[in-house]
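Chemist: First to last, the protein sequences are chains Z and B. Oh and the first sequence: position 346 is 346 in our numbering, straight run, nothing missing. Oh and the second sequence: position 228 is 228 in our numbering, straight run, nothing missing.
Be a bit skeptical, because a hint or two may be false.
Simulated pairs of lysine-lysine, DSSO-like, Cα-Cα distance not exceeding 30 angstroms [unchecked claim]:
{"hint": "1", "chain 1": "B", "residue 1": "Lys-408", "chain 2": "B", "residue 2": "Lys-383"}
{"hint": "2", "chain 1": "B", "residue 1": "Lys-277", "chain 2": "Z", "residue 2": "Lys-277"}
{"hint": "3", "chain 1": "Z", "residue 1": "Lys-144", "chain 2": "B", "residue 2": "Lys-21"}
{"hint": "4", "chain 1": "B", "residue 1": "Lys-144", "chain 2": "Z", "residue 2": "Lys-144"}
{"hint": "5", "chain 1": "B", "residue 1": "Lys-408", "chain 2": "B", "residue 2": "Lys-92"}
{"hint": "6", "chain 1": "B", "residue 1": "Lys-327", "chain 2": "B", "residue 2": "Lys-26"}
{"hint": "7", "chain 1": "Z", "residue 1": "Lys-327", "chain 2": "Z", "residue 2": "Lys-92"}
{"hint": "8", "chain 1": "Z", "residue 1": "Lys-327", "chain 2": "B", "residue 2": "Lys-3"}
{"hint": "9", "chain 1": "B", "residue 1": "Lys-327", "chain 2": "Z", "residue 2": "Lys-327"}
{"hint": "10", "chain 1": "Z", "residue 1": "Lys-26", "chain 2": "B", "residue 2": "Lys-327"}
{"hint": "11", "chain 1": "B", "residue 1": "Lys-144", "chain 2": "Z", "residue 2": "Lys-21"}
{"hint": "12", "chain 1": "Z", "residue 1": "Lys-3", "chain 2": "B", "residue 2": "Lys-144"}
{"hint": "13", "chain 1": "B", "residue 1": "Lys-402", "chain 2": "B", "residue 2": "Lys-383"}
{"hint": "14", "chain 1": "Z", "residue 1": "Lys-277", "chain 2": "B", "residue 2": "Lys-144"}
{"hint": "15", "chain 1": "Z", "residue 1": "Lys-144", "chain 2": "B", "residue 2": "Lys-26"}
{"hint": "16", "chain 1": "Z", "residue 1": "Lys-144", "chain 2": "B", "residue 2": "Lys-277"}
{"hint": "17", "chain 1": "Z", "residue 1": "Lys-21", "chain 2": "Z", "residue 2": "Lys-144"}
{"hint": "18", "chain 1": "B", "residue 1": "Lys-3", "chain 2": "Z", "residue 2": "Lys-144"}
{"hint": "19", "chain 1": "Z", "residue 1": "Lys-327", "chain 2": "B", "residue 2": "Lys-26"}
{"hint": "20", "chain 1": "Z", "residue 1": "Lys-144", "chain 2": "Z", "residue 2": "Lys-277"}
{"hint": "21", "chain 1": "B", "residue 1": "Lys-277", "chain 2": "Z", "residue 2": "Lys-26"}
{"hint": "22", "chain 1": "Z", "residue 1": "Lys-3", "chain 2": "B", "residue 2": "Lys-327"}
{"hint": "23", "chain 1": "B", "residue 1": "Lys-92", "chain 2": "B", "residue 2": "Lys-111"}
{"hint": "24", "chain 1": "B", "residue 1": "Lys-402", "chain 2": "Z", "residue 2": "Lys-144"}
{"hint": "25", "chain 1": "B", "residue 1": "Lys-144", "chain 2": "B", "residue 2": "Lys-21"}
{"hint": "26", "chain 1": "B", "residue 1": "Lys-144", "chain 2": "Z", "residue 2": "Lys-327"}
Just so you know, the hints here were simulated from the structure itself, not pulled from any lab data. Bear in mind that the values here come from a model prediction, so they are computed numbers and not experimental data.
2 protein chains.
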Amino acid sequence: MEKGVNIGLMGLGVIGGGVAKALMEKSDIISTQAGCPIRIRRILERRRERATVVGVDATLLTDDPRHIIDDPEVDIIVELLGGEYPALDLIKEGIIRGKNVVTANKEVMAKHGPQLLSLAGDNGVDILFEASVGGGIPLIAPFKFDLAANEISAIYAIINGTTNYILTRMAREGVSFHEALSHAQGLGYAEADPRNDIEGIDAVYKLAIMATLAFHTEVGPQDIYHEGISRITSLDFRYAQELGYQIKLLAIAKRSGEAIEVRVHPTFVPEEYLLAKVDGVYNAVQVEGDLVGRVLFYGEGAGPSATSSAVLSDIMELCRRINLGVKVSHELHLDPTMSIRPVSDIETRYYLRMSVADRPGVLAQITRILGDNLISISSVIQKGQSPSSKTAEIVIMTHPAKEAAMMKAMGEMGELDVVREISNLVRVEG
Amino acid sequence: MEKGVNIGLMGLGVIGGGVAKALMEKSDIISTQAGCPIRIRRILERRRERATVVGVDATLLTDDPRHIIDDPEVDIIVELLGGEYPALDLIKEGIIRGKNVVTANKEVMAKHGPQLLSLAGDNGVDILFEASVGGGIPLIAPFKFDLAANEISAIYAIINGTTNYILTRMAREGVSFHEALSHAQGLGYAEADPRNDIEGIDAVYKLAIMATLAFHTEVGPQDIYHEGISRITSLDFRYAQELGYQIKLLAIAKRSGEAIEVRVHPTFVPEEYLLAKVDGVYNAVQVEGDLVGRVLFYGEGAGPSATSSAVLSDIMELCRRINLGVKVSHELHLDPTMSIRPVSDIETRYYLRMSVADRPGVLAQITRILGDNLISISSVIQKGQSPSSKTAEIVIMTHPAKEAAMMKAMGEMGELDVVREISNLVRVEG
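If we strip away everything but chain Z, and leave its shape as in the complex, we get (with noise of 0.2 angstroms):
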């Protein structure tokens, strides 16, 4: 048995305190894997009562970041405070003094993952940050180890418990989106303020530090283009199902040749596709790789233990290297000449649903916007609603298509008399 390594643990809310009970009450394993015993020796936290809580030494809490940070004899900072201030300048400090950092912030990863980890290069130590995305579902080491030797030419990615739960709701009961909110706020799937969730910026997040790693360039969230699923209808379920699809919030990174497009959008996806069985509040991450071919991780994406599982493995994998001797094991290599395309520049598939007037010819003047835009339709469902309201609803899927071509006929079909309101547009993959 190796020197014990000491850790310096910043938050002890819902996902700290997690990670403090696991190293505390699995300590025999973890020593045993790990090659030495682990021991928690500050944990700043303002509010002692949580100490009571988790069942930790009250005398451990301090709410002095110094205190973590100055200590000599801290070894690894473990950063669960979330958000991205004070988390990111208390972890830029911990490297500047040394310190190896694990952490759990996606926020900070995704937006400042680059500079930490060469500031940490600088500095002969490492920032490990596996539970960031997906909980316990491997996901970082994947990228950084396991398909390295891959090019990269897709991920696919339901990385969102909230709103997977949400869709699979209104997809099993047919209720509203509201409706299916409520549901999750009342299990705490869902926070009081959703919105992080809903309007898929936790995804854009994720998505930034896997696409980072799996195309070796800086992909920040400001570069991912998204959309929220708190347009998704009922109705929009009942066309999916009968089209042979179900609708997902999915994160996409694809790459043709020297350029990457990134995006998070609700997304049909054929029924058949193990994504599409994804339900409740499960994540699943799909990457095509050329050597590999087509691989996908599952599993809970969130919660204080799935969480733990990630945050000590890197935790024992900083203490297997800081025993070693070894200081940096893996290094961001960027390909300077990757590029991000705009997200007008995509061609993708659509489903394209709308209220019209219930009169001969109208379906004739959308198509011929559609026609004139270079789209090509793929199928049309049109039904007559309740004879009174003199309206129809017409849904089409088209082939693959310029995104900035089908803006261009949406401006277009809305400035038709005959359409009362473009429902929603639904970008679709496979």
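Place chain B on chain Z using the hints.
Modeler: Same frame as chain Z, now just chain B:
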């Protein structure tokens, strides 16, 4: 860029050829990601024509393994000969001469893994074997590292592509086992002598490797109960579907307390499970851990390209370590308290199909035997066959029962003169 690393490749067959090709074609990405150039220094292969087929310099070929083992310039032996001998001896000699080893050899690792890891540790080198299970799907690293903080409670694996392809054809098309096997052979998914796959031996090897890592205990092929798929008929598929199941060849390892059970056999899997949806030659491994919950890894389980992905990631990992001057990153810490449960002690649910005389009181005789053996029934289907045959078919699904009790009941039922044939007994999970 650090000092280069020299490979001694053993075997230029399908897999070896794939690895050699990938090493040459992708030398840029591999060198960048590994941090140093990787060169093939020598190749053990008798068939000189393979050099032309693969496109490597024929002067690299040798038919004397000593040209690799005794060459002080060779840093890593990549063993892709397959089979137990001479691979085992060559690996051992290489380790003793201070070479790191990468192998895709499931038979060697299943039968001798712990000994080889210990020999490697004693000699200050490592043996990596990611490619021995599941092609390019990361399955070894997750047990060694990513999930290392977990107490693993179960592994359920579809880990043989040949049998999964055959079972998928049988399920979808209602064809017989032999017809599906011929299809598989025609497509190159099954070998001319398919016994290793069909009888579950290949899956036994892979399960032994995973269970040894997951449960920190030595599990060898001889410890694993196995049954092949050749007794499954299209009738079983029809009943399975009627009852809401798919039939898969599952490799199962479960822990309860300090004992584990390990077995490979055809299994009824509820059709809503993700594992039931893994079709064709694809593999999937579901792992359950106390922290991580349920995770699943899915992908192509075989083939030169997918296997190369794993072999190359192991080579790259060794390169990083050689350049850091680090020897071993992972040791097998065995838990001496763990034992392996005999199959007679397991408890599971069963599907039982039999032909019986079509006359009154038969079902009573059968169910009495089950009841006397404390096996309770969850459902029964009885169907008359052709009136002329005067036989009926009975299908029984049981609640969880002891394997020993079921075997005793099977013996007793077999002796009933009303029982024409016990057609099949298949274990049920979920």
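Chemist: Can you name, in rising order, the numbers of the hints this structure does not satisfy?
Modeler: As far as the earlier hints go, 5, 21 and 24 are violated by this structure, in ascending order.
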